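Visitor: Here is how the chains run, residue by residue.
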Amino acid sequence: KETTINAVHFTPAQNTYAQSFLKFVDEVNKAGKGVVKINVRGGPEVLPPDQQGEAQKNGLIDMLNTPAGLYLNLVPEGEAFSASTKSPEEVRENGGWDLMQKIYAKKGNAHLLAHIDAGAGFHIFTVDQPKKTDDGGIDWSKLKIRSSPLYRTFLENLGATVIVQSPGEIYTSLERGVVNANAYTILGYQSFGWDKFTKYRVDPSFFQTDVLISMNKDKWDSLSPEAQKILTDTAKSFEKESAEAVEKDTKEQAQQMIDAGQKIVTLSGKGKDEFLSKASKASWQRMESRDPTYISELRKHFQ
Amino acid sequence: MDWFFPFALMVGLILFFMGLGLPVAFAFFVTNIAGLYLFFGGSVGVDQMISNFSAAVGTYALAPLPLFLIMGSLFFRSGLGDGVMDALDMCIGNLRARLSYVVLAAGAVFSALSGSSLANTGMMGSLMVPEMIKRGYKAKMAYGPVLGAGSLAVVIPPSSLAVLLGSLAHIDVGALLIAGALPGLLLAVMFAALIFVQTLLDPEAAPQYPVERVPMGRKIKAIAVNIVPMGVIVFLVVGTIILGIATPTESSALGCAGVLGLLIAYRCFTWKALWTSLDDAMRVTGMTFLIISASTTFSQVFAFSGASNGFIGFVTGFDPGPYLFLFLMVCVILILGMFMDQVSMMLITLPIFLPIAAHFQFDLVWFGLILLLAFEVGFTTPPFGLLLFVMVGVAPPGTSLKTVALSAAPFIACTLLLIVLIVIFPQIALFLPNLF
Amino acid sequence: MQVFFAAVARVSWLMAAAVKLILAAIVIEVVADVVLRNLNLRPISWGVSATEYGLVYAAFLPMPWLVHIKGHVFVEFLRKALPIPARAVLERIVYAACVILCLYITVFAVNSFFDALRTGAYETRTFDMPKWAIVAPVCLGFFFSALEWCRFLLGFESLYDVDPLEQEGL
Ligand code: NA
Ligand code: NA
Chain A
1 KETTINAVHF TPAQNTYAQS FLKFVDEVNK AGKGVVKINV RGGPEVLPPD QQGEAQKNGL
61 IDMLNTPAGL YLNLVPEGEA FSASTKSPEE VRENGGWDLM QKIYAKKGNA HLLAHIDAGA
121 GFHIFTVDQP KKTDDGGIDW SKLKIRSSPL YRTFLENLGA TVIVQSPGEI YTSLERGVVN
181 ANAYTILGYQ SFGWDKFTKY RVDPSFFQTD VLISMNKDKW DSLSPEAQKI LTDTAKSFEK
241 ESAEAVEKDT KEQAQQMIDA GQKIVTLSGK GKDEFLSKAS KASWQRMESR DPTYISELRK
301 HFQ
Chain B
1001 MDWFFPFALM VGLILFFMGL GLPVAFAFFV TNIAGLYLFF GGSVGVDQMI SNFSAAVGTY
1061 ALAPLPLFLI MGSLFFRSGL GDGVMDALDM CIGNLRARLS YVVLAAGAVF SALSGSSLAN
1121 TGMMGSLMVP EMIKRGYKAK MAYGPVLGAG SLAVVIPPSS LAVLLGSLAH IDVGALLIAG
1181 ALPGLLLAVM FAALIFVQTL LDPEAAPQYP VERVPMGRKI KAIAVNIVPM GVIVFLVVGT
1241 IILGIATPTE SSALGCAGVL GLLIAYRCFT WKALWTSLDD AMRVTGMTFL IISASTTFSQ
1301 VFAFSGASNG FIGFVTGFDP GPYLFLFLMV CVILILGMFM DQVSMMLITL PIFLPIAAHF
1361 QFDLVWFGLI LLLAFEVGFT TPPFGLLLFV MVGVAPPGTS LKTVALSAAP FIACTLLLIV
1421 LIVIFPQIAL FLPNLF
Chain C
2001 MQVFFAAVAR VSWLMAAAVK LILAAIVIEV VADVVLRNLN LRPISWGVSA TEYGLVYAAF
2061 LPMPWLVHIK GHVFVEFLRK ALPIPARAVL ERIVYAACVI LCLYITVFAV NSFFDALRTG
2121 AYETRTFDMP KWAIVAPVCL GFFFSALEWC RFLLGFESLY DVDPLEQEGL
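Residue numbers (the working numbering), protein chains in the order written: chain A, 1 to 303; chain B, 1001 to 1436; chain C, 2001 to 2170.
Hints are computed from structural coordinates only; laboratory data are not their basis. Note that the coordinates shown come from a computational prediction; the quantities given were computed from them, not determined experimentally. It is possible that part of the hints are untrue.
[What the hints assert, rightly or not] Keeping only pairs whose Cα atoms sit at most 30 angstroms apart, straight-line, the calculated DSSO-like set for lysine-lysine is:
| hint | chain 1 | residue 1 | chain 2 | residue 2 |
| --- | --- | --- | --- | --- |
| 1 | A | Lys251 | A | Lys240 |
| 2 | A | Lys300 | A | Lys142 |
| 3 | A | Lys131 | A | Lys263 |
| 4 | B | Lys1134 | C | Lys2080 |
| 5 | A | Lys278 | A | Lys30 |
| 6 | C | Lys2080 | B | Lys1219 |
| 7 | C | Lys2080 | B | Lys1272 |
| 8 | A | Lys102 | A | Lys199 |
| 9 | B | Lys1219 | C | Lys2070 |
| 10 | A | Lys272 | A | Lys248 |
| 11 | C | Lys2080 | B | Lys1221 |
| 12 | B | Lys1134 | C | Lys2070 |
| 13 | A | Lys199 | A | Lys236 |
| 14 | B | Lys1138 | C | Lys2080 |
| 15 | A | Lys30 | A | Lys217 |
| 16 | A | Lys240 | A | Lys142 |
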């Protein structure tokens, strides 16, 4: 008897992230023929992305393809995925994954399957050439950066002026000069047309994408061991496969933007160290203020 | 045909309850609850609906609606608008339906600066409609142009809807935005022609009250006293966007502050006028936002139940060749547009439409613009037409949705005609993008 | 009964008045944000999120007052097809449906309100907003709307008695 799992994803169906998830779904449905079947019910049109964690918790939906950052209200510790400098593989090996598994079960009524599309970080993109400082950093105070709530605190701590806007408004803001910088992943940056205005990319990247595939725990427990094994195995191999795909796509799209005239500004020395440490500090401090219980343990595995 | 039951049930219920006389928002809520119990989690789904409210209306992009309502209402409640209208009358002279043209022109200019139809309609509606009705304009001459101009906002760049469409469909966003400029302008001209025809067919629609002939000196004085200060507002709303001082969302608040400043400068500020304008804004916002919260869940249940995908799949399941296909896709959007918001429609239809467009090798910019125009029509089609609700809110008490919807109908016909023209002459859409 | 509904109306009016103040506060906040940014000072970091939550309040708090003043838009195409006596019956059914609906949603909203209080749930935007504060306007809005609809149900008021001069059909 085939079990059906209802799933939703957090981006529109054509988006890279949804496409990646749909590949996972295909793999499961192929391997699980007759045992388990994932039925994708849609994306943001079915459930608003920041409420999907709640819907998974209360069993409205069985499976999610949603970043941990979108339901930190339920599992604040999930921020460790984006603050981490380690790859999903390392985290699985050093026991961090099992710890997270415990936390997600307790707080989000969720069972984690995989941290997919990992490895890509966020970059700051600027319209004007950033002014370098003596310590290898950048004069952040010149920047008016469009941000999402996820990294707002960090950008403010850098000393930049931050404006929170939805993706639909950014094009016009860049065109009109309301903002002169933007923070986003390389992946998908061009699809919004922003690369036309932001001719400089600041390296290194900060944070990393934290897209998870997870399931409602009750639903997971109700699955046959055979179905669980199919899901776990496919998830594990897909975690690797998707990270490789992201790396390849990121490289490709970065090159396309460089070919179109984008220049890279690389931080170095003390400026770079400060940039990265401020990024990680902002996240860990916020996690600690929300719930300190697991923080020291998490630091051991993720930092 | 699994999709047919949820489709017929959801559409049937919403029409049934609205027809019985339940207020629109309440009819949506009743339908939602029925839908949730049948297709989407039952009582857990109702819990989720309540959790989703903050995502539905708690978005910054909706802020300009109340703010522009405050601005428009303040302008008129204070009596400041009277002088401006008189001055406009004086300047334009005896042109029939002159205020309709003014609304259209102002709305089109504002469309070139803001991408929000809701904000545009809220502003032009609360600024102009009460005055036009007072001066004896019939419904179709007052509401129609405001609604027409309002829907221009998503066609003429900038347009957040076009940006979203472009990024979802992997169409060059810049090209799609530019592509909207010429058709938008053409649409404005068609609207103007429509107003002219309507005055020919029904001269009583816009009363020809006599404007006294005034000497040049008085004319100039009237302009200086009334139009120039109006320029301050125009600068605050429009100039700050152009100069990059404020985003289109923020400019609405600057407009409010500007009108307040003018009132103080002209010594016509009263607390009562301020309180009344806040009242106007609160009423229209409360009514509209409640409908938005309710209709969002409707779209979600509709999507989850498979009704929308099934319906689209069914319609596009025939294989009648490219043009008939295009026609079917536009029809799908027009039908869904009667019940759903634009963003939900895009998310639902694009995954199915894009492969079809690729199959027929449609020019994506051309195709995107046609879709955009079709999505835009949904703003003013009943029973769920957001701009209609805003208009009912700012219109005099007792104005029915039917009156407003009927006055929008000829303007919708213009948009449909434009779609046909773009299909026949793709250059209307592609001329500008090809230049760059 | 009259006294009771007068008191309900008073509360409804107060909630609507609160929203007016919220809208005024949003104007001030956004203007301040723009001015600060253009003076190269740091804008109000919590401003955008506070505005967003203000809009949630603006959606639900005015609801009962809008019921009271018949400010919710409606159409009547099926109703109009009925003979006059049937319309009177239908009218009562509509009011009863609205009362039940509002109470029904109130029960769920109050439930999630207390759930949120108990668990300390919050939403994360630029600051953490307690969930009970987001659900509260929903509870108040639907509960007092139910009471306001009772006023219609008990025949103190009719939704459809617009001045015939102003009535334009549908
Ligand atoms: Na526009
Ligand atoms: Na519509």
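Visitor: State for each hint whether it applies.
Guide: Taking the hints in turn, this is what the structure says about them:
no. : hint                   : verdict
1   : A/Lys251 to A/Lys240   : 17 angstroms, holds
2   : A/Lys300 to A/Lys142   : 36 angstroms, violated
3   : A/Lys131 to A/Lys263   : 14 angstroms, holds
4   : B/Lys1134 to C/Lys2080 : 29 angstroms, holds
5   : A/Lys278 to A/Lys30    : 44 angstroms, violated
6   : C/Lys2080 to B/Lys1219 : 51 angstroms, violated
7   : C/Lys2080 to B/Lys1272 : 39 angstroms, violated
8   : A/Lys102 to A/Lys199   : 44 angstroms, violated
9   : B/Lys1219 to C/Lys2070 : 43 angstroms, violated
10  : A/Lys272 to A/Lys248   : 25 angstroms, holds
11  : C/Lys2080 to B/Lys1221 : 53 angstroms, violated
12  : B/Lys1134 to C/Lys2070 : 22 angstroms, holds
13  : A/Lys199 to A/Lys236   : 38 angstroms, violated
14  : B/Lys1138 to C/Lys2080 : 24 angstroms, holds
15  : A/Lys30 to A/Lys217    : 23 angstroms, holds
16  : A/Lys240 to A/Lys142   : 39 angstroms, violated
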